[in-house]
Amino acid sequence: MWVRSTMAYRASFVMTTFGNFAATFFDFVAIMLMFSRVDSLAGWSLPEVAFLYGLSAVAFGMADLLIGSMDRLGRRVRDGTLDTLLVRPAPVLAQVAADRFALRRLGRVTQGALVLGWSLSRLDVDWTPLKLLLMPVMIAGGCGIFCAVFVAGAAFQFLAQDASEVQNAFTYGGTTLLQYPPAVFTEGLVRGVTFVLPLAFVNWVPAAYVLGRPCPLGLPGWTAFVSPLVALACCALAGLAWRAGLRSYRSTGS
Amino acid sequence: MDAGRLYVAVAAGGFRRYATYRAATAAGVFTNTVFGLIIVCTYRALWDARPHLGGYDQAQAVTYVWLGQALLSTLAIGGGGVEEELMERIRTGDVAVDLYRPADLQLWWLAADLGRACFQLLGRGVLPFLFGMLCFHAYLPPDAGTWLALLVTLALAMLVGFGIRYLLALSAFWLLDGSGVTRIAQLAGYFCSGMLLPLNVFPGTLGEVVRALPWSALLQAPADVLLGRADLLGVWLFQAGWAVALLGAGRLLQSAATRRVVVQGG
Numbered sequence: 001m002w003v004r005s006t007m008a009y010r011a012s013f014v015m016t017t018f019g020n021f022a023a024t025f026f027d028f029v030a031i032m033l034m035f036s037r038v039d040s041l042a043g044w045s046l047p048e049v050a051f052l053y054g055l056s057a058v059a060f061g062m063a064d065l066l067i068g069s070m071d072r073l074g075r076r077v078r079d080g081t082l083d084t085l086l087v088r089p090a091p092v093l094a095q096v097a098a099d100r101f102a103l104r105r106l107g108r109v110t111q112g113a114l115v116l117g118w119s120l121s122r123l124d125v126d127w128t129p130l131k132l133l134l135m136p137v138m139i140a141g142g143c144g145i146f147c148a149v150f151v152a153g154a155a156f157q158f159l160a161q162d163a164s165e166v167q168n169a170f171t172y173g174g175t176t177l178l179q180y181p182p183a184v185f186t187e188g189l190v191r192g193v194t195f196v197l198p199l200a201f202v203n204w205v206p207a208a209y210v211l212g213r214p215c216p217l218g219l220p221g222w223t224a225f226v227s228p229l230v231a232l233a234c235c236a237l238a239g240l241a242w243r244a245g246l247r248s249y250r251s252t253g254s
Numbered sequence: 001m002d003a004g005r006l007y008v009a010v011a012a013g014g015f016r017r018y019a020t021y022r023a024a025t026a027a028g029v030f031t032n033t034v035f036g037l038i039i040v041c042t043y044r045a046l047w048d049a050r051p052h053l054g055g056y057d058q059a060q061a062v063t064y065v066w067l068g069q070a071l072l073s074t075l076a077i078g079g080g081g082v083e084e085e086l087m088e089r090i091r092t093g094d095v096a097v098d099l100y101r102p103a104d105l106q107l108w109w110l111a112a113d114l115g116r117a118c119f120q121l122l123g124r125g126v127l128p129f130l131f132g133m134l135c136f137h138a139y140l141p142p143d144a145g146t147w148l149a150l151l152v153t154l155a156l157a158m159l160v161g162f163g164i165r166y167l168l169a170l171s172a173f174w175l176l177d178g179s180g181v182t183r184i185a186q187l188a189g190y191f192c193s194g195m196l197l198p199l200n201v202f203p204g205t206l207g208e209v210v211r212a213l214p215w216s217a218l219l220q221a222p223a224d225v226l227l228g229r230a231d232l233l234g235v236w237l238f239q240a241g242w243a244v245a246l247l248g249a250g251r252l253l254q255s256a257a258t259r260r261v262v263v264q265g266g
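Keeping their order, the protein sequence lines are chains A and B.
Residue numbers 1 to 254, in the working numbering, belong to the letters of the first sequence in order.
Residue numbers 1 to 266, in the working numbering, belong to the letters of the second sequence in order.
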């Protein structure tokens, strides 16, 4: 239904879809502009950075397409419209995810896929069956990790009702972070996004294996393959947080 | 109440209204700080590879990043000022009520937006900036004159920022749903104001074009003033010129809209 309703304002739909496509595209234009002035960033070439960028954008874009409406939860808690969802015979999480389901978010996935395709055409990768297998695995794992971040952020909004922007720091901030090589960042930050909030498994760790670079933080090579497990663990934790949040929910009653 | 006091009251209301949401402000400070951290790291890698890129040294590039984070919500560079509410009022037809008020539509919203901008500068802008200045090796101008000049530049930037967003909001009279325009404006704002990369790093003709557009009055102009790279009078004339042009265009569009467009209602 949300698909049809957004189609009602056709000019606006075209502009938002293009906008979402271009939004991420401009991020990449900024990276290309950087590379118009330098040959490498922290030792990484443009196709290599584009590879990181494409992986992160596709994984994040898929998660955003699936459950990106989570940041509206704070508003629902504030104005009490969450109650409507609670009495319906369907899981609340699914309903919040489908709330304002926006096909226009396809723009982000498309753009990420284009950059990823371009980088693959430029990269000189020594392809093995394992590396080929790792590509879909890491995208699925990355999507799972970002989904967990979205759900955890939504759970947090039960507590802090009008602090939905904190979520942006982890979702949009996370994907921005992953678009650059780990060597750009301080070791403390890299440790944080590897062991605390394991965003590094979206692309940094598996991509290092594909590109034949040493793993960040000197992690052993097999960690490139654990993204789906990390995603599962994250989703489980986020699910628990969501349930705790939902239990603590008190309607505004107004 | 005479007109001047009315608009001061509207501005004060805008300030207080945003000041009410403390958790949202704290969340904003947190988010701006996180993004500042990420961008500072990428800029440092960039300036490591190419020292004095765009005429900045590392410390100046760092200051640039945190100034950008301070101004992002102040000037609503990616949107998120009063224009969202105005668009919603146009879409639902509530704007008809506004038009009957004994106040000018444009000045009313300008006052509300200035109040909002002043709060965002103090509530959301200053803290990330201070954090950046304390935690990184940054450049700060030693003389008070530069800071005063920065305040003037910021005031002009607020006018330009509102001018752009008011035009966008009025487009809702024709398009009804403003989300598409908002999205495009967000992109233009980020890219052309220098949020993604300082405009003086842009190569060749692209750089010249982008620096001549109104968005460069939002971040590049204050940065030039703060980093002591500006011919003050030139910057102010540039900003004031765009402010007059945009606000004038807003006035024309507003009269066209109120004359020709049928307001929605139910």
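Don't read these hints as lab results, they were simulated from the structure.
Where hints are given, some of them may not hold.
[What the hints assert, rightly or not] Interface residues of chain B toward chain A, partial, derived using beta-carbon atoms under 10 angstroms:
hint, residue
1, Ala-26
2, Arg-44
3, Ala-49
4, Val-181
5, Thr-205
6, Val-209
7, Ala-212
Every residue, glycine too, gets a C-beta built ideally from N, C-alpha and C.
Hints and how they fare:
1. Checking Ala-26 (chain B) against chain A by beta carbon gives a least distance of about 7 angstroms; that is within 10 angstroms, so the hint holds.
2. With a cut of 10 angstroms, the hint placing Arg-44 (chain B) at the interface with chain A holds, because the nearest CB-to-CB distance is about 8 angstroms.
3. Taking 10 angstroms as the C-beta cut-off, the interface hint given for Ala-49 (chain B) holds, the closest approach to chain A being about 4 angstroms.
4. Interface hint status for Val-181 (chain B): upheld, as the beta-carbon distance to the closest one in chain A is roughly 7 angstroms, under 10 angstroms.
5. Because the beta carbon of Thr-205 (chain B) sits about 13 angstroms from the nearest beta carbon in chain A, more than 10 angstroms, this interface hint is broken.
6. Because the smallest distance between the Cβ of Val-209 (chain B) and any Cβ of chain A comes to about 13 angstroms, over 10 angstroms, the interface hint for this residue is violated.
7. With a cut of 10 angstroms, the hint placing Ala-212 (chain B) at the interface with chain A is violated, because the nearest CB-to-CB distance is about 17 angstroms.
Figure legend: structure checked against the earlier numbered hints; hints not met, in rising order: 5, 6 and 7.
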